[in-house]
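J.: Spelled out from the first residue to the last, the chains are:
Number of protein chains: 2
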Amino acid sequence: MANVSPLAPATVPELPTVAGVRLATASAAIRYEGRTDVLLAVFDKGTTVAGVLTRSKCPSAPVDWCRARLAQGRARALVVNSGIANAFTGTKGQVAVKRTAALAAEAVGCKATEVFIASTGVIGEPLDAEKFARVLRPAALAARPENWKAAARAIMTTDTFPKLATATARLGSAQVRINGIAKGAGMIAPDMATMLSFVFTDAPIAAPALRTLLKREVVDTFNAVTVDGDTSTSDTALLFATGAAAHRGAPMIRNASDRRLAEFVHALHAVLADLAEQIARDGEGARKLVRITVKGAVSKHSARRIALSIANSPLVKTAIAGEDANWGRVVMAVGKAGEPAKRDRLSIYFGETRVAAAGARDPSYDEKKVSAYMKRDVIDLTVDLKLGRGLDRVLTCDLTKDYVAINGDYRS
Amino acid sequence: MANVSPLAPATVPELPTVAGVRLATASAAIRYEGRTDVLLAVFDKGTTVAGVLTRSKCPSAPVDWCRARLAQGRARALVVNSGIANAFTGTKGQVAVKRTAALAAEAVGCKATEVFIASTGVIGEPLDAEKFARVLRPAALAARPENWKAAARAIMTTDTFPKLATATARLGSAQVRINGIAKGAGMIAPDMATMLSFVFTDAPIAAPALRTLLKREVVDTFNAVTVDGDTSTSDTALLFATGAAAHRGAPMIRNASDRRLAEFVHALHAVLADLAEQIARDGEGARKLVRITVKGAVSKHSARRIALSIANSPLVKTAIAGEDANWGRVVMAVGKAGEPAKRDRLSIYFGETRVAAAGARDPSYDEKKVSAYMKRDVIDLTVDLKLGRGLDRVLTCDLTKDYVAINGDYRS
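From first to last, the protein sequence lines stand for chains H and Z. Each residue of the first sequence is one higher than the one before, starting from 1 at the first, in this note's numbering. Each residue of the second sequence is one higher than the one before, starting from 1 at the first, in this note's numbering.
Just so you know, the hints here were simulated from the structure itself, not pulled from any lab data. Note that the structure is a prediction, hence the values are computed from the model and not measured. Just to be clear, a hint being listed does not mean it is correct.
Stretch-level coverage of chain Z by chain H, calculated; a stretch enters the list once three of its residues show a Cβ under 8 Å from a Cβ in chain H [as the list claims (entries may be wrong)]: (1) 311–325; (2) 357–370.
Only pairs whose alpha carbons sit at most 30 Å apart, straight line, appear in this in silico BS3-like list of lysine-lysine [stated by the list, open to error]: (3) Lys368/H <-> Lys45/Z; (4) Lys149/Z <-> Lys215/Z; (5) Lys368/Z <-> Lys401/H; (6) Lys92/Z <-> Lys342/H; (7) Lys57/H <-> Lys300/H; (8) Lys98/H <-> Lys149/H.
Negatives, chain H to chain Z, calculated, CB over 10 Å [claimed, not checked]: (9) Cys58; (10) Ala140; (11) Pro145; (12) Ala246; (13) His247; (14) Arg254; (15) Ala319; (16) Gly328; (17) Arg393.
The C-beta atom is built at its ideal place from N, Cα and C for all residues, glycine as well.
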């Protein structure tokens with residue numbers, strides 16, 4: 001395994017339990033040897049679910065399965081495997097998903113349609129669902145409310161560290177919890193990243209409200225991260241709400257605009273934002289986290305497009321890898337975005353330093369100061385278009401030789 | 001300087017003269033030392049010109065200058081420098097262009113408005129036009145009808161070999177010539193590439209007809225090349241027609257649809273296509289030329305968008321660098337393009353071998369055979385969407401560690 005990213009959080013957080021969620025991991029040798037590669041999550045009866053799935057025209061079999069199951073909004077189990085994505089595997093892939101759901105349903109004691117499935121890894125390789133047969137029943141028996149770190153580890157592919165986040169919020173008179181895990185690393189771009197993320201809460205929230213909340217909160221979190229502009233066939237973010245906090249007095253929420261949700265929404269956003277940033281920090285080969293803010297655009301949508309044009313520019317990303325404050329390439333990326341921009345009006349900042357304005361290099365620009373800034377782990381790059389009030393921010397990372405090494409050798 | 005690309009043509013072609021065109025190069029130490037960095041081309045009276053310029057919203061000062069001059073359609077001189085792009089240089093940049101035109105006009109004996117200018121190199125650095133003062137007059141005196149290779153060398157930046165192409169065509173009773181030079185290497189994407197290209201013919205063609213021809217012929221040549229998806233502030237392709245072949249009996253052409261142009265159009269396309277392929281072959285760090293064909297799309301436009309999605313995917317490009325027939329990443333890139341595609345209908349080929357079809361790996365797919373194919377210098381990747389008759393092809397190259405090295409160190 002690669003060394004842990006230098007941008008990894010200093011410690012992996014210890015997650016508390018979420019009432020109604022039990023977890024187990026297993027080694028099914030689906031592709032990897034000597035590590036866990038299966039996660040089973042078991043939910044209490046009454047658990048609701050919402051999801052956001054890849055917009056790829058070539059989605060994986062598990063994505064098709066989840067899309068069909070999300071309408072009903074109920075979940076009792078989640079099965080995730082790493083190593084093989086079960087994408088572009090034809091009819092066999094669909095059969096494998098169905099079989100996995102049946103095995104999990106039997107192990108957990110629920111309907112197959114209440115089982116959610118996600119797979120990540122190589123595209124195009126067939127997934128042998130019988131490998132789940134050995135592991136799912138023992139996993140169902142072993143599932144415990146702890147195990148969060150193990151769960152986050154089991155779903156990793158080229159990730160160098162497990163990604164976990166947690167938050168609490170008051171809902172009515174009760175304290176509710178939100179725990180989230182994610183995996184990312186490569187093929188990361190909105191919408192979504194090649195990311196899997198699973199978020200769990202004990203708050204009692206009806207599926208339609210949960211759906212609205214998740215859709216709204218991914219916009220500036222998971223959908224504002226890009227590692228390489230490549231969107232996966234398998235991107236899946238699922239939010240499960242067990243409702244167990246109702247026993248402690250939390251009110252049942254049926255509407256996403258319910259004012260009692262204020263703290264919950266804030267906490268949910270924090271968990272998703274934390275996981276999204278961890279994904280950027282673990283971009284394949286990443287040595288720097290880059291926060292790109294575009295302001296003064298004609299709209300938020302326009303700001304997003306310009307920010308992504310900068311974030312996905314190989315020339316910007318390699319310059320940052322080289323610790324070079326090459327703002328000329330930022331100009332290039334703004335210019336190519338196809339969005340309203342006026343060359344002679346925009347300003348560019350690295351950190352707090354304005355390096356370019358009024359169509360030219362800032363006369364007071366001190367290259368030494370900016371060069372020192374570029375040596376940091378976290379780089380803030382801001383473009384002010386001075387056209388309107390559109391504001392947006394995306395996260396990305398630099399493009400290093402290690403990205404090429406990781407992706408030139410991944411399959412072999 | 002980097003080693004010559006392994007994909008370079010075996011020999012640099014010797015270009016014949018084009019009646020009415022004289023060339024000279026000079027060393028003005030604009031940024032580079034110990035090499036030529038200025039090209040002066042001098043044209044006979046009556047030369048017409050057409051151009052295609054970057055669509056960047058942040059164009060360089062020379063691009064603004066050329067755009068304003070192209071309407072009149074007449075040219076007597078071309079000044080090109082490498083090292084500094086004179087882009088995002090504000091009012092000073094405009095003054096520098098004006099001064100360069102005045103110096104060239106004085107040296108050549110023409111109006112400043114008949115001077116075309118192009119600059120390539122670092123963005124944001126001021127260009128000292130006085131550096132041209134020393135070199136343009138001697139260059140005008142030294143200009144000769146030969147010097148093509150020297151001309152192609154003077155405009156190089158990170159290019160590893162000079163790019164030249166030539167063709168002849170019958171026009172009426174005369175043989176006419178078309179010579180072209182280009183530079184590319186990085187920041188290469190439609191529309192255009194960060195490329196400069198200058199094409200010269202002795203055919204007598206009126207400016208409006210020349211414009212129509214050039215616009216039409218760049219679509220499947222220069223605009224079908226991408227190295228990194230980054231579009232430059234400075235992209236410039238100019239086509240100069242001296243008309244000198246009129247003395248040898250070539251008819252004056254006023255209309256692009258004139259049937260007598262058939263051979264000329266064919267030859268022009270060949271020159272542009274040759275230069276475009278050389279640019280892809282010299283993509284920064286390139287070890288493989290990749291030809292991506294998308295067929296069966298709903299339209300040519302849709303095929304182009306899907307082909308570019310594949311060509312600009314870092315994951316596809318790094319896989320090819322690793323000689324890995326990772327068609328799963330091709331599926332990903334098709335899926336993310338946002339264009340009509342049916343997962344269960346499309347086929348993917350590496351060379352002649354169908355690797356995927358009917359939503360899964362081709363059952364007869366022989367990985368060994370394809371692995372051997374991936375070791376070649378030139379890789380043909382074909383996607384057949386089986387939806388319609390839309391067909392398109394783009395050229396790109398692989399993404400290697402050297403691309404990152406070149407672009408992480410370029411300025412420093």
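J.: Evaluate each hint against the coordinates.
T.: Evaluated hints:
Here's how the stretch 311–325 of chain Z fares: 9 of its residues keep a CB closer than 8 Å to some CB of chain H, so the rule of at least three is met and the hint holds. Against chain H, the stretch 357–370 of chain Z contributes 4 residues with a C-beta closer than 8 Å to a partner C-beta. That satisfies the three-residue criterion, and the hint holds. A hinted pair counts as satisfied when its Cα atoms are at most 30 Å apart, and Lys368/H with Lys45/Z does not qualify at roughly 50 Å. Taking the CA atoms of Lys149/Z and Lys215/Z, the gap is about 26 Å. The hint holds against a cut of 30 Å.
For the hint pairing Lys368/Z with Lys401/H, the CA-to-CA distance comes to about 28 Å; that is within 30 Å, so the pair holds. Distance check on the hinted pair: Lys92/Z and Lys342/H sit about 17 Å apart at the alpha-carbon level, within 30 Å; holds. Under the criterion of a C-alpha separation no larger than 30 Å, the hint pairing Lys57/H with Lys300/H is consistent with the structure, at around 26 Å. Among the hinted pairs, Lys98/H with Lys149/H is consistent with the structure: their alpha-carbon atoms are about 28 Å apart, no more than 30 Å.
At roughly 3 Å from the closest C-beta of chain Z, the C-beta of Cys58/H falls inside 10 Å, breaking its exclusion from the interface. Listed as outside the interface, Ala140/H is consistent with that label: its C-beta sits roughly 31 Å from the nearest C-beta of chain Z, beyond the 10 Å cut-off. With a cut of 10 Å on Cβ distances, Pro145/H stays outside the contact zone with chain Z, its closest approach being about 36 Å. Every CB of chain Z lies more than 10 Å from the CB of Ala246/H, the least distance being 40 Å, so the non-interface label holds.
Interface exclusion of His247/H from chain Z stands, the closest Cβ pair being 43 Å apart, more than 10 Å. Every Cβ of chain Z is farther than 10 Å from the Cβ of Arg254/H; the closest lies at roughly 35 Å, confirming the non-interface assignment. A Cβ of chain Z approaches the Cβ of Ala319/H within 10 Å, the least distance being about 7 Å, so the stated non-interface status is violated. Non-interface call for Gly328/H relative to chain Z: violated, since the shortest CB-CB distance, roughly 3 Å, does not exceed 10 Å.
For Arg393/H, the shortest C-beta to C-beta distance to chain Z comes to about 21 Å, beyond the 10 Å cut-off, and the non-interface label holds.
In the structure shown, a violation is registered for the earlier hints numbered 3, 9, 15 and 16, in ascending order.
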